[in-house]
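A.B. asks: Could you fit the two chains together into a complex? Lean on the hints.
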Amino acid sequence: MQKTTREAARGLDFSQDLLAKGWYHSFEFSDGTVIDGYMPLAVQKERYSRYPIPDDLSGKRVLDIGAWDGWFSFEAERHGAQTIAIDCVEIPTFLQIHRRLGSKVDYRVLDFYELPAAGLGKFDVVFFLGVLYHLRHPLLALEIVCGLTTDVAIVESFVIDGETWQEHQNAIPTLEFYETFELGNQYDNWSGLTVACMLAMCRAAGFVRVELMYAGGTYAGAACYRKWEPPPTQPAVAPPELLFVSNGRIPGNCFSAGKSEEYLQCVFKAPIDHEVVPQVLRLEVAGFGTRAIYTQQREDGSWAASFRLPPALDPGWYPVRLRFADTGFSNELRIAVDVPVKRPDRIAVKDAGDGKSWNRGEVSLAGEGFLSFWVSGLPENRSALDTRVLLGAIPLQITWLGPDESSGYCQINAKVPPDVAKGPHDFQIRFAGVRSESQVVRVL
Amino acid sequence: MSSPGAIERRRRIDFSKELAAKGWYHSFELPDGTCIDGFMTLDQQKRRYAHFPIPDDLRGKRVLDIGAWDGWFSFEAERHGAEVTAIDCVEMASFLDIHARLGSKVDYRALDLYELPGAGLGKFDIVFFLGVLYHVRHPLLALEIVCALTRDVAIVDSFVTDPDDWQDHAGEIPSMEFYELDELGNQFGNWVGPTVSCLLAMCRAAGFARVELLGIADDHAVVACYRKWEPAQAELAGDAPEVLTIENARTNGINFSTRKSEEYLTCVFRTARDPVTPDMLRLQVDDFGAACLFVTPQDDAWRATFRLPPGLDPGWHTTRLRFRDSGFGRELRIAVDLPPVPKQIQLKDAFDGVAWTKGEVKVGQRGFLSCWVGGLPENADRANVRVLLGNRRLAVDYVGKADADGYRQVNTVVPGNVTPGEYEFRVECAGVSSGTQTVTVRIQSSSK
Numbered sequence: 026m027q028k029t030t031r032e033a034a035r036g037l038d039f040s041q042d043l044l045a046k047g048w049y050h051s052f053e054f055s056d057g058t059v060i061d062g063y064m065p066l067a068v069q070k071e072r073y074s075r076y077p078i079p080d081d082l083s084g085k086r087v088l089d090i091g092a093w094d095g096w097f098s099f100e101a102e103r104h105g106a107q108t109i110a111i112d113c114v115e116i117p118t119f120l121q122i123h124r125r126l127g128s129k130v131d132y133r134v135l136d137f138y139e140l141p142a143a144g145l146g147k148f149d150v151v152f153f154l155g156v157l158y159h160l161r162h163p164l165l166a167l168e169i170v171c172g173l174t175t176d177v178a179i180v181e182s183f184v185i186d187g188e189t190w191q192e193h194q195n196a197i198p199t200l201e202f203y204e205t206f207e208l209g210n211q212y213d214n215w216s217g218l219t220v221a222c223m224l225a226m227c228r229a230a231g232f233v234r235v236e237l238m239y240a241g242g243t244y245a246g247a248a249c250y251r252k253w254e255p256p257p258t259q260p261a262v263a264p265p266e267l268l269f270v271s272n273g274r275i276p277g278n279c280f281s282a283g284k285s286e287e288y289l290q291c292v293f294k295a296p297i298d299h300e301v302v303p304q305v306l307r308l309e310v311a312g313f314g315t316r317a318i319y320t321q322q323r324e325d326g327s328w329a330a331s332f333r334l335p336p337a338l339d340p341g342w343y344p345v346r347l348r349f350a351d352t353g354f355s356n357e358l359r360i361a362v363d364v365p366v367k368r369p370d371r372i373a374v375k376d377a378g379d380g381k382s383w384n385r386g387e388v389s390l391a392g393e394g395f396l397s398f399w400v401s402g403l404p405e406n407r408s409a410l411d412t413r414v415l416l417g418a419i420p421l422q423i424t425w426l427g428p429d430e431s432s433g434y435c436q437i438n439a440k441v442p443p444d445v446a447k448g449p450h451d452f453q454i455r456f457a458g459v460r461s462e463s464q465v466v467r468v469l
Numbered sequence: 042m043s044s045p046g047a048i049e050r051r052r053r054i055d056f057s058k059e060l061a062a063k064g065w066y067h068s069f070e071l072p073d074g075t076c077i078d079g080f081m082t083l084d085q086q087k088r089r090y091a092h093f094p095i096p097d098d099l100r101g102k103r104v105l106d107i108g109a110w111d112g113w114f115s116f117e118a119e120r121h122g123a124e125v126t127a128i129d130c131v132e133m134a135s136f137l138d139i140h141a142r143l144g145s146k147v148d149y150r151a152l153d154l155y156e157l158p159g160a161g162l163g164k165f166d167i168v169f170f171l172g173v174l175y176h177v178r179h180p181l182l183a184l185e186i187v188c189a190l191t192r193d194v195a196i197v198d199s200f201v202t203d204p205d206d207w208q209d210h211a212g213e214i215p216s217m218e219f220y221e222l223d224e225l226g227n228q229f230g231n232w233v234g235p236t237v238s239c240l241l242a243m244c245r246a247a248g249f250a251r252v253e254l255l256g257i258a259d260d261h262a263v264v265a266c267y268r269k270w271e272p273a274q275a276e277l278a279g280d281a282p283e284v285l286t287i288e289n290a291r292t293n294g295i296n297f298s299t300r301k302s303e304e305y306l307t308c309v310f311r312t313a314r315d316p317v318t319p320d321m322l323r324l325q326v327d328d329f330g331a332a333c334l335f336v337t338p339q340d341d342a343w344r345a346t347f348r349l350p351p352g353l354d355p356g357w358h359t360t361r362l363r364f365r366d367s368g369f370g371r372e373l374r375i376a377v378d379l380p381p382v383p384k385q386i387q388l389k390d391a392f393d394g395v396a397w398t399k400g401e402v403k404v405g406q407r408g409f410l411s412c413w414v415g416g417l418p419e420n421a422d423r424a425n426v427r428v429l430l431g432n433r434r435l436a437v438d439y440v441g442k443a444d445a446d447g448y449r450q451v452n453t454v455v456p457g458n459v460t461p462g463e464y465e466f467r468v469e470c471a472g473v474s475s476g477t478q479t480v481t482v483r484i485q486s487s488s489k
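If you read the protein sequences in the order shown, they are chains U and A. So for the first sequence, the working numbering puts the first residue at 26; every next one is plus one. So for the second sequence, the working numbering puts the first residue at 42; every next one is plus one.
Isolated chain A, as found in the complex (with noise of 0.2 angstroms):
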């Protein structure tokens, strides 16, 4: 949190006039012998350049530079071979000249960091995200449009309120500077100023896997953010988790939506050890790992809760689970953004799901109902499907796999205070309806 006397340490952090008298932001060598001699040194730019963990051989890499300024980081980046994409909120002239100087191929676009997502770019091995964090309105929300373009890593750096300190009180709740108007270096534009320990847990909270500090200096941290966990082991010698489900934690279906702000996946498997820490968890969906928030043991398992990761196009997904040390365990497989098309929905046969009679349930404290479904679509699930007995819809907590006919059981709860007699139940999903058969609904003898 502010001390007294930040206001003034923070208005101090105001390089306009040196900008100004030097005329570039960025420093350049061109190829023609001439130097450009910009606010930012070229030492210092190459110094950071190399602090990147990146190849030296960009060849078949996308890099995106957010916010490219002058350019030095773009043109560097496709000097290295890489296919380069370079943005920014203003066209900036600057930029312009030294790509007909260089005959440079760099793709610039003046766009909104917020428009990022919309604009059709595909997705990037690298980005970067250089001194823009701290001038954005929505400084999670940046991370996590940048997150989404990344496949492999970003580098943030930013601004931060605390560069010399920062490990003095690590054990505090991370916090960031609120910037109304010109707090920040006399500039309109600067929004918000994060503690070191603030941007490396939004960086991660954004969806980043691994999230590692590679430097501070003049002011700024320097954050190098990964999608994909660390390589395995060589040898990996403990047993692999045995993975029993993987679902939504808010549908419990297999359905997931990019839309919702905060989409988490819920693993339940069995294993041998014990205790169960975040830490020991490595979940992917395709290559993307995502770090586990919690696990708790629930009955002879363990439950852990997962960001969904950021940036998953629509379709089908490969998710699986391993420890640090081990094997990944069976793998399950998620929609995302994926509408669940129904043909024709057909009903066989509905069962007591404890006696196994046809065309009826019994029903104590509750009565479980039994059927079994044809047309289901291949993305139906516990959410999408509904089952009506008469008016009521059932919950549904379970929907098979399809036998050889193509069709899937479904399970369904019916609640005790059903009036006995006989009522008209049907399946639906997304709009579709099956026909209807008669269920009786009986009441369980006290007696059993």
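Looking at chain U on its own, in the form it has when it is part of the complex (with noise of 0.2 angstroms):
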């Protein structure tokens, strides 16, 4: 792959044209006038018809993050979209068409950052479009898009690679770092991606599917949408049944919208003799798809995948579903994001014993040592974190929590250290400061 010189990349700069020029879109009114700025209205039109969004944008909200002169957000609100365009500093020559117009845009300027917190709620499209590579942190930034998206994001870029990225579609992506000049002699460019690692930043910043739109020049765009393809109308293989979801850092059904990295790990049966790949599987959160990262059989023959959470959900229980790209969709669990826990009125503890030989009120340390069993009274929100195993004094490390069974119990395993002192020790359960009365395991 060719390396990008200082000097080629100091030779991408527009500002001695764009001041020429005085506007950056170009604009033509209802009266015939015209105005003609840096990028040619075909261009600007070319760009918009290559979109993968409806002609009739009535119903629908739109936000355009970065908007400049503002054709974009002004086009999305001729085609009966309610638009909502930021940009990081007032740009007057914005507000000037925004009057000619008499427009009803709402525009803020909002640091790109500020975005999650501005309250301004979500968006079915989000034009995304020559602000990635201005921004300091790339995959936060397309993270950032992703939740405030529900449908599809337009997510275009500065390029390194744009006319030779077919060349080394199997090298590991990467980009550039502008610490200072480097790009385009502005100090304000951060990141040049090639065409490949774009792709992959949508990826992991939580779009399901991301579809190249065009490359060329210095410049690519990608359609980044937040739902699954449609199912098959008539699948011809029975649905997978999903058996449990749970968070894939601490046992139970709890997610956090705050931590960086949240995985869902889910346990299925697949359809018989179906081939499992993470490829082939459409993992449904909130009505928001998500990917497999990857799958494993376990020893009873269903199998465990792990997905991202999708970004940015708001407080609350959702519904969890998954299908496989050639079946229609599996039972639907449920999970709590962000939901405070109720404290239970009283627990109750049932079957304690070893997790290996099933023989009530003991536990052997030979090989590793697990303790299984059945607890009532939790409230349907429960993580590990919440809830404490205390062998006499030890606190035990919990490897899973359970749903309620249809006894009204649910499972939970722990494991039990191998210096625990032979012989009985009182054995409790904690949950959210209530405790279980305790009883008797002996350690062997």
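Wrong hints could be hidden among the right ones.
As the list claims (entries may be wrong) - Per the computed footprint, the stretches of chain U lying under chain A, defined by three or more beta-carbons under 8 angstroms from a beta-carbon of chain A, are:
| no. | segment |
| --- | --- |
| 1 | 241 to 247 |
| 2 | 362 to 372 |
| 3 | 378 to 390 |
Claimed, not checked - As a list, the in silico DSS-like pairs of lysine-lysine whose alpha-carbon atoms are at most 25 angstroms apart:
| no. | chain 1 | residue 1 | chain 2 | residue 2 |
| --- | --- | --- | --- | --- |
| 4 | U | Lys-85 | U | Lys-70 |
| 5 | A | Lys-301 | U | Lys-147 |
| 6 | A | Lys-102 | A | Lys-87 |
| 7 | A | Lys-63 | U | Lys-440 |
| 8 | A | Lys-58 | A | Lys-146 |
| 9 | A | Lys-63 | U | Lys-284 |
| 10 | U | Lys-284 | A | Lys-301 |
| 11 | A | Lys-164 | U | Lys-440 |
To be verified - Chain A is nowhere near these chain U residues, computed Cβ spacing over 10 angstroms in every case:
| no. | residue |
| --- | --- |
| 12 | Gln-107 |
| 13 | Gly-144 |
| 14 | Asp-149 |
| 15 | Ala-196 |
| 16 | Gly-283 |
| 17 | Lys-284 |
| 18 | Val-301 |
| 19 | Trp-342 |
| 20 | Pro-404 |
| 21 | Asp-411 |
| 22 | Trp-425 |
| 23 | Val-465 |
Since the hints were made in silico from the structure, they are not lab data. Even for Gly, the Cβ is constructed at its ideal location relative to N, Cα and C.
C.D. replies: Put into structure tokens, the structure is as follows:
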């Protein structure tokens, strides 16, 4: 792959051309007058026509991030959208066109990273055009864009291999980092991605489907979707059965949107003789798609797969369901995101015993020691974080915290460390400060 | 940029089997004589620690160990006398085990890296950021967070993609690899692989004043990142810069926001030296150094731009500029995250800024209107003082110091397209308005 020299990158400086024109975008008005900006009107229209969005945007909310003179905002408004445009500084030319068109576009001056907390709500369509390479944290930026999008985001950016990307598709994606003036002589350009890197980052940010619209010159554009393609109307195969969903970091069905990496661990029964690889799995959380990171078959023949939690979910309960590319959806389970835990009135424990031999009232340290038991009274959102399993004074590490079974009890498994003294121990569970009655477990 | 075969080479950087066999990442020798033989040898650990440019005696120093794992570096800093806080994204049973066996006082917390700024841990003289950078999704943000928590020096140790030949391509633009899945070492949770020069560039861009490569070994580079300038030479032979203004490059005011992702300081100064280059300049906000990004001549002076150092607490901060070989120029103050709180705003006398005629302004291509305003907060500036002529907001190009009675001169520019006539004139700051006065706009006779 060609390496960019400092001289070549500096050559991409359009500030003189822009200054001569006075405008970045071009405009034509109903009275026939035209503003001839740095970007020709034909190019703007061609770009807009590539976006996979409906011609009629009535009832849709559109966000234009880094609107500059605002052509794309006003164009979306012309197609019927309720549009919000933001920029990091107030651009007088935007306001000038806004007045001239009698536009209702809601224009705000916001730092990009202030967007998640600005209370703007979510948007069917987000334009993220020519902004990515101006930002210091490109993947975080794409996560923020993903969190604001309910349907599709259009990501267009400067790229370093627009003409040659197909020649090195199997290479590791890279990005250039511009500490000062390396790109276009401007000190607010921070990163130059390869086409493959832009697509990989869009996927890593949480978009479930990322389609390259075009790449050429020093530019590439991708359509980034939050939802899976529709399921087959007449699936030939029965759907999978979703057995349980747990947080990959801490056993239980509780998740936090504030963690930088939060993963769902799903266990399911695959359709008989069906191939199970990440590419064929279609998990849906809160209606948003999420891709499988890896899959692994379990001893009992069921499968485990790990998925990233879709970004920026508000606190609440969300449905989770799974399908394969060629099946309909499974049964639905639900997970809690940042839902405060209710203190139970009382909790009860039964059937504590060795997790391997299933002998009650005892646990053997031979091999690795595991205790299994059943608990009633827990609230539906339950996490190992709120649960203490005490063998005498020793807190045991919880490896599994399940849903309530038909008995009204849920199974918990915990590891017993090898250096626990042999003999009888008091055994007790605490959840959110509430204690079970204690019973005796003998360590053998 | 990655070369053919790079994927295979990256996948081979996988020590998970050796780690699983050992059971420990760090090695330990405990006071009772027991030795724990981890993946990293005790000798390696001691050699790495010995390279860190930190005092042998750490009493009275606060140390933060980010991503402590089994904790050897935390416990070693504690052994040298430091008050240590160790964090990891999950609670490591092995850390707690050693902590109990040593009777350690290290404060151990399970925190996400990005939760650190809001965790109320305070600042640290020394921060260890060892083997964490390539595990984080937002490397430059991570380094900004580390910088903001550091008072003196941060030790940044990271996987790099070109440990053996980085000097051969030092002239190229720094780059990093992005790992969407398990490309690096077959592990999910590895996100970036910077080149050595990219690692150094990101440490500088994060806000450290000085960045020094300490060494490269085993696919890792170790960097010392300093918040302060090198100590000034004993004899400061050169002339100090004559500092004219220090202001926010975005607003031209004296107020700065740490919530903005990019906040820059501009300093205008005079000097007999010519040329002036960025490497000659040493800006300091309190004790924190900021490196110059660029400097250009402006009339008979120079204009230099610096990034605002990260991690400034809300309040006033002293800002000074010197040359590498000189003392400081005049000290000015900037306000950080300080909301302006005006009392009552009193407007006294508005004048034409050129002719000094009261209650009127003459406008040609433009006009100048000056007024005296009482009750403005101390951090009133060109951006937060709003001056209104009728409904029109005038550009404020000067807010002066308070006189003996507490009044400050405010100068504004009246655009040439204002219709002549009488206008209501008033001054606002942070939502508080003065009373109004009448100002008459007249056309400047062109015969002048």
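A.B. asks: In terms of Cβ atoms, is chain A entirely out of 10 angstroms range of Gln-107(U)?
C.D. replies: Non-interface label on Gln-107(U) holds, nearest chain A Cβ at 27 angstroms vs cutoff 10 angstroms.
A.B. asks: Would the least Cβ to Cβ distance between Ala-196(U) and chain A come out above 10 angstroms?
C.D. replies: Label violated. Min Cβ-Cβ 5 angstroms, cutoff 10 angstroms.
A.B. asks: Report holds if the minimum CB distance from Asp-149(U) to chain A is greater than 10 angstroms, and violated otherwise.
C.D. replies: 26 angstroms, holds
A.B. asks: Say whether it holds or is violated: Lys-284(U) keeps its Cβ farther than 10 angstroms from all Cβ of chain A.
C.D. replies: Non-interface label fails for Lys-284(U): nearest chain A Cβ at 5 angstroms, not farther than 10 angstroms.
A.B. asks: Beyond 10 angstroms from every chain A Cβ: check whether that's true for Val-465(U).
C.D. replies: 25 angstroms, holds
A.B. asks: Are the Cα atoms of Lys-284(U) and Lys-301(A) separated by 25 angstroms or less?
C.D. replies: 22 angstroms, holds
A.B. asks: Checking a non-interface call: every C-beta of chain A should be farther than 10 angstroms from the C-beta of Gly-144(U). Is that right?
C.D. replies: Holds, because the least Cβ-Cβ distance between Gly-144(U) and chain A comes to about 15 angstroms, which exceeds 10 angstroms.
A.B. asks: So is Val-301(U) really clear of chain A, every C-beta pair being over 10 angstroms apart?
C.D. replies: 17 angstroms, holds
A.B. asks: Under the criterion that the straight-line Cα-Cα distance not exceed 25 angstroms, is the pair Lys-164(A), Lys-440(U) satisfied?
C.D. replies: 38 angstroms, violated
A.B. asks: Per the stated criterion, does the least C-beta distance between Trp-425(U) and chain A lie above 10 angstroms, as a non-interface residue requires?
C.D. replies: 17 angstroms, holds
A.B. asks: Within 25 angstroms, alpha carbon to alpha carbon, are Lys-63(A) and Lys-440(U)?
C.D. replies: 20 angstroms, holds
A.B. asks: Does Lys-63(A) pair with Lys-284(U) here, judged by a C-alpha cut-off of 25 angstroms?
C.D. replies: 30 angstroms, violated
This entry does not satisfy hints 1, 2, 3, 8, 9, 11, 15, 16, 17, going by the numbered hints stated previously.
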